[in-house]
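Enquirer: Read off the chains here:
Protein chains: 2
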Amino acid sequence: MTDALRSFKLTLAYDGAAYSGWQIQKNSPTIQAELEQAISRITGQTVRVAAAGRTDAGVHALGQVAGFKADTDMAAERIKGALNAVLPEDIRIIDCREAERDFQARFQALRKCYRYHVWEGAAPPLFGRGHVWAVKRLPPRESMEAALKRLEGEHDFAAFQSTGSQVKTTVRQMFRAELEVRGKLHTFSFQADGFLRHMVRALVGTLVSHDGSANIGNIIKSRDRSLAGRTAPPQGLFLAWVTYPGQGEPHAAVGPFDRFD
Amino acid sequence: MTDALRSFKLTLAYDGAAYSGWQIQKNSPTIQAELEQAISRITGQTVRVAAAGRTDAGVHALGQVAGFKADTDMAAERIKGALNAVLPEDIRIIDCREAERDFQARFQALRKCYRYHVWEGAAPPLFGRGHVWAVKRLPPRESMEAALKRLEGEHDFAAFQSTGSQVKTTVRQMFRAELEVRGKLHTFSFQADGFLRHMVRALVGTLVSHDGSANIGNIIKSRDRSLAGRTAPPQGLFLAWVTYPGQGEPHAAVGPFDRFD
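Those protein sequence lines, which keep their order, are chains A and B.
Using the working numbering, the first residue of the first sequence is number 35, and each one after it goes up by one.
Using the working numbering, the first residue of the second sequence is number 35, and each one after it goes up by one.
Derived from the structure by calculation, the hints contain no laboratory data.
In this text, a Cβ means the ideal position worked out from N, Cα and C, and glycines have one as well.
Don't take each hint at face value.
[What the hints assert, rightly or not] Derived coverage of chain B by chain A (criterion: at least 3 residues anywhere in the stretch with Cβ under 8 Å from a Cβ of chain A; other residues may be distant):
#	segment
1	40-52
2	152-160
3	217-224
Excised from the complex, chain A in its bound form (with noise of 0.2 Å):
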């Protein structure tokens, strides 16, 4: 019987609003509830998924990256076709592949990029307002973009780290730490190899602040989460794409302040 499981590989997008979550919660919605609920419905198994990106209660997922197995003899291009068909509206299946018998959504993962929407204002825009996080005043644009410059590289975000999180080390290589702006909207862009709880959500918090983006040197020294600045809210992070090793370009959903041109 093990012997006949295929592996596949799915790529997801999600509006998180109506889900506590990715993790499996006992009387709460879940996108991973949802996700082994279709796909036991399709190919009549009871299977476990498993996501690169364990996002929190809120959170969105442009490509998000779930593995699965199953002795399935459906084509991968028909399981997506059948996952969209029965999953709820605001989860999207984007791909599934068949992957590598030994494919581990998580622990394979070589980057993974988070977006982070922040609107300039006492208010959000009223048709995105699910999706960014509306913030009075910013500082200067030359003052976060130095701080993000600073977060490149190596560095233990200890101060970044939900209190409470256990994890072997708190050190990750953050490849790019950007800002984009389109008027008052602010795109926070962030790709490591890895990222801690609430990661970041903290490093949003604490960029947006004048504080913070002044003294971000000092906060990644300190390892100490109280002098980093707030948790930004939930609904403003994405997980934009998770790339593995030799499996090419990721895919991704349109966010919601994606150009179309």
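Using the hints provided, position chain B relative to the given structure of chain A.
Expert: Using the frame of chain A, we list chain B on its own:
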């Protein structure tokens, strides 16, 4: 008492998804009901609010205009802030100013602009799903643009009116009818001195079909609703703005697919 009544012009934006349209109905949430209730709360008076365009269930607005009269000392700018503090987050006041005593949002409107978003594809983009109509394959752009040109000018639009409507005349002046294409996103916009019931949605339903775009001249001439296309669904439609004599540029909120830069 009547002498003390001041007249106000509100410009408002709303996401119509949760509402049964503008107009008050028993046992259904409507924009008008929310607004009248909010004005009552802040002024202590029972008021009636009249809108430029009575949008249907599920239709959105970026710059709807509504008028009301109240005996209040509050400055217009304070009314705006107070209303936004009590209104649900899917209804936002963009502007509030004192108007002429005899201001009538509906009857004095010079020009209204409606926008309709069509997404060319089998499925809408996840984060725009509430604000577009996904159409698998559109006619060639030149064909839709030629049809739009044909709509401009004074015409009897009876073929694009819901059956059963009762209006004095079905002749309207279409100042501009245009299409903007950004990748898969096709935004139709219509500026006219007035619109018949479901007219924009019937126009869009006609334009997105090959036959409809090709034969729009004959469809207009026929005055026959059955020759026009289907009524496009409400979620793609936005009342963009309304102008009045001597009142300058209209106000409007940022739409879900607007550029920010």
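Enquirer: Take the hints in turn and mark each one as holding or not.
Expert: Results of checking the hints against the structure:
1. Coverage of a stretch by a chain is defined here by at least three residues with a beta carbon nearer than 8 Å to that chain's beta carbons; for the segment 40-52 of chain B and chain A the count is 3, and the condition holds.
2. Beta-carbon proximity to chain A at under 8 Å applies to 3 residues in the segment 152-160 of chain B; the threshold of 3 is reached and the given coverage holds.
3. Using a Cβ-Cβ cut-off of 8 Å, 3 residues of the segment 217-224 of chain B lie near chain A, which meets the minimum of three, so the contact claim holds.
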